[in-house]
Every structure is written in C-alpha cells, then in structure tokens.
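Chemist: All chains should be modelled from the sequences, with the hints used to inform the complete structure.
Chain by chain, the residues:
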Amino acid sequence: MPDRYDVLVAGAGPAGLAAAQTAAAHGARVGLIDAQPRPGGQVWRHDVRREAPRAAREAFGKLRDVDVLASHSVVAVESSGLRVETPQGGRLISYGSLILATGARELLLPFSGWTLPGVTGAGGLQALAKQGWPVAGKRVVIAGSGPLLLAAADTLRKHGARVLGIYEQAPAAVVHAFARQLRHWPARAVQAIGLRLRLAGVPYRLGSFVRRAHGGDGVQRVDIETPTGTQALDCDLLAVGYGLVPNTELAQLLGCAMDYLGPHPHVSVDRLLRTSVGGVYAAGEAGGIGGLAVARLEGAMAGHVATGHSVAAHALLPQRDRERRFGALLSRHFALDPRLHALAEDSTLICRCEDVTLGELGGFTNARAAKLATRCGMGACQGRICGTALAELGRFPRDGARPPIFPARLATLAGLTTLPSDDAYRGS
Amino acid sequence: MSAQVKLSVNGLPVEVPAGASVAAAVAQVTMQFRRSVSDTRRAPLCGMGVCFECRVQVDGVAHVRACMTAVTEGMQVTTDA
Ligand SMILES: Cc1cc2nc3c(=O)[nH]c(=O)nc-3n(C[C@H](O)[C@H](O)[C@H](O)COP(=O)(O)OP(=O)(O)OC[C@H]3O[C@@H](n4cnc5c(N)ncnc54)[C@H](O)[C@@H]3O)c2cc1C
Ligand code: FES
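Residue numbers (the numbering used here), protein chains in the order written: chain A, 1 to 428; chain B, 1 to 81.
In short, the hints are calculated from the structure, not lab data. All values derive from a computational prediction rather than experimental measurement. The beta-carbon is built from N, C-alpha and C at its ideal position, and this holds for glycine as well. Errors might be hidden in some of the hints.
[Unchecked claim] So the derived list for chain B, only partly shown, Cβ under 10 Å to chain A, looks like this:
| # | residue |
| --- | --- |
| 1 | N10 |
| 2 | T30 |
| 3 | P44 |
| 4 | L45 |
| 5 | G49 |
| 6 | C54 |
| 7 | T69 |
| 8 | V71 |
| 9 | M75 |
Modeler: Below, the structure written as structure tokens:
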C-alpha cells in the first residue's frame, strides 16, 4: 500500500466513512485510518450478537475503492505526514488533504467509588457489551445525562442485562420541554417513541444522579440522589456518562484553531468545514457534538470539498444546518446540574493513571503546574479523563495536546523530531 | 450465530464469539485487569480506548488495551491483578 494518499481520513465512524466514500467517488486515492480493529466508530460499532443497522452495512459496502487502515492509531504529526502506530510497527503516511473525523468520547466525572471494577461509562458499557462483555443476567444501573443513556439501556437489554433504572440528571421540567420540542423533528420523535416503548418497564428517573458507589472487589451498591431523597440500590454494574466531548487532540497537534462550548474545545471550521490549517477539514463530532445525522452529512461535505467539489458540499448545507440545530437543542436541555461539579470529595481519585486525589490538587490553578507537582495527567490517558473532568469541574482548562497523543512504542517514535523533553515517553 | 474463539486468560481456557474483544474474554475470568500505582484494582472504564484502565499483557506484549484488541485463536492473556 502506498504511504501517500490524495485524501487521508482520520476516524472511521459515520463521518469518516461518508468522507472516504465521497472522496473516492470523485476519483481520489483515499486512505481511511482508525485505531479500532473495525470501521464503524461509536454508533456503528461491531456487535458480536446482532447485525449492523442497514445504514451501517451500506456504508461499509461502499469502501471498495478505499484503503481501510484498521488498528492504525495516529500518534503524532510531522511535516511530511502523520505518524501512525500499527500492530506491525510504525508508519508515516502523507496526504494531499486531511479530513479529521475523530469523533467524541464520553464525559466521565469523578465521584466516590468510580474506580471500582464494574463502574464504567454509559456508552462505555454499551461498547463493551457489543464486543462480547458479559452482561446477561447482570443488574445494571444506568445514570448520567442525555439520550445516550436510553440507547445504552436498549443495547444492554438486548444483550440480556437487567436494567434496574435509568437516572437522568436533567430535571423533569426540562426533559419534558425537550420532549415537546420533538414535534418539530418528526423523525426524531418516532425514534424516541420507539426507544421508550422498547424500554417500557424500565424506570426513567429525572433530576436524579449517582452520588457514590460502594463495593469491595467490585461495585455492589450505589447511592442515588432523587428529587424525593437518597435511594440505595444493589447492583452488579454501574454505567455513568455525562454526555460527550469532542476528540480534538490530533487537530490541536496540527495547530487547528479551536472553539469552545463551555469548557471543552471542538475544532473550529468554516461553512465548508475547512479548519484554520490549509488542506485540513473536520467533520462530525470533532467539530462539535451533533449526532449521527450531522456526522454523515458533514462527512459527505468534507469528501466533496477536499476533492474540489464545493458546489456539491453547498447543496448539503441546509440539511446539515438543520441537524446541527437539533444537536444544539440537545446540549441546551441536557446541561449539567452544578451539584455534579461537587460530587468529587477531597479523597476521590481524579487522575486514575497516577492516583492523584482532588485534595492533592487543591492549590493549583493550571494543568501544567498540577502535572509537574503531582503527576496528574501524566499517565497513559494523557489527561483525557482527568483533564477533561477538571475542566468540567471548573478547576482549570486542560493542557494542550502534545506528541505522542497516545502512548506509542519507542520504535514508532524513533523518527519523531518533536518529542517534548519534560515528559519523556512512558509505556504505562 | 458466530463462531467461537478459544484463548487463555491467566492460564484458564476461555471461549468467546469471534470478533469479541480481549476485554470481554478477561471479564469471564476476572474483573481485575490491572493494579494502579497505589495498588488498587482496576477494570475497563471507557470501553473505547481512551482511559487505559483495561491494559493487560497479550502474547507477551505488555500494556495492550483489552477493549481495543480483538481475540484470536490461542491468544495468551495475562492480567496484573
Ligand atoms: C461510547 C459512545 C457510544 C455512543 N453510542 C451511540 C448510540 O448508540 N447511538 C447514537 O446515535 N449515537 C451514539 N454515540 C454518539 C456518536 O458520537 C455519534 O452517533 C457518531 O458515532 C459520531 O460519528 P463520528 O464519525 O463523528 O465519530 P465516531 O463515531 O466517534 O468515530 C470516530 C473514530 O475516530 C477514531 N479515532 C479518533 N482518534 C483517532 C486517532 N488519533 N487515530 C486513529 N483513529 C482515531 C476512533 O477510533 C473512532 O472510531 C455514542 C458515542 C460514544 C462516545
Ligand atoms: S476501557 Fe478505556 S481504554 Fe480500554
């Protein structure tokens, strides 16, 4: 396979798949990179027990003219291309245009007991279950915020889990106001009603959140705050996610400008999805949380623009703008209750890689000083979990991305000229 | 519906559907994937390659993310717990 592509797409979720297929249809040589062993991204993640949705099967079927580079993690940026780690070793891949379709991850907030085995993200447990994680017969509590909680509950039930309840932090009045807005979005309303019907019998409690998890070798019980008081619930698994944050590390490494929605950055793009760096485009969740429909439309737009077909991209703009408005509606209604920012106690671990507690971070006002003194954010996740949480808690913004953006083998990095000197690569 | 794959986790035989993750195979044997720097037990958190809590040893290679790795026949997985 050549190590140069006309169009290189980073991320093979719905956005990246649409981008790759569109660019290839215009005759470009296209490479599609993803760190996962299979394409699909988050929503179209392979499920060992169930057939992929039709839209996903169609998208996978249109990759004939695309080089799919699975299990390829982009770890760094060089002047001539992207430094990529594969199970076989490192590669340098260069490109004419680059489309960033790096998607989003879950926002995970620290609380007492969140490091116990069996406590996961909500989309996190959904992802694990799709890949065969044993949930059949397990008592699962789902909590956090947003429609992903319902999607996760649906998947988990299909895999045989006993979902004890879904605890949404947004207050009832706000969730009901959101539901009334759905009349302007008939297709979404139909989806939502279908999901609620499939989840009939599963309690959906609003204005409620998990305060603490208890257990020994794994989670056994959770304390839930509800509008009518605290409730204790025995469970085998606890899945908590507070919405999504865009993956912007690669874009930041490339020098792309960021916009902020609250404390979390997303890639700044113009009407044609051009970033501030020439020849680099961003599509899907990387450019702000918008959901599946936005990802597919923007992927197609980026594939058009990157191959010089701006008119075709313009034609998709009205549809895409409409879908982006739905994303904005969601984030407005599922805004986080300030009480969630006070969940972590002084003894709660914030940095799970280096075991740093909230108390130890007391006197610091920026990520860099905290990192040098406590190692917070220095571990393998490179602050993706703790740095994002601390930004959400209003402590301090996350430190900018630095190479390698994922831990990589020294052999992969051997050719790299831009390694920072103060935090030498750590394999763990 | 799918074929099964046989592998070993901490020396114990495990069978999971083809396409399953190493994380799923490990979870059949233990919920303790790694030990943290202050010696507490950890297991997968994010399920999507971000948190690094699921690291195990796969066929002699350390620090492999179990949630990002598909099982293969005869694979030898060792946890740190
Ligand atoms: C855990 C989780 C579960 C979700 N479940 C649902 C659901 O059930 N229904 C729903 O409608 N929406 C769900 N979503 C929302 C989801 O974000 C969107 O629906 C949709 O998947 C977004 O598409 P995308 O192409 O923008 O990004 P994604 O689907 O997130 O795809 C991005 C891809 O980029 C890859 N990537 C990122 N960085 C790199 C790198 N440096 N090197 C190589 N590859 C990289 C990732 O591995 C990933 O496959 C979920 C989100 C998350 C985080
Ligand atoms: S569970 Fe988070 S990286 Fe594997």
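Chemist: Hint by hint, say whether it matches the structure.
Modeler: To see whether the hints hold, each was checked on the structure:
no., hint, result
1, N10, "15 Å, violated"
2, T30, "9 Å, holds"
3, P44, "6 Å, holds"
4, L45, "6 Å, holds"
5, G49, "6 Å, holds"
6, C54, "9 Å, holds"
7, T69, "7 Å, holds"
8, V71, "8 Å, holds"
9, M75, "13 Å, violated"
Hint violations for this structure: numbers 1 and 9, all remaining hints satisfied.
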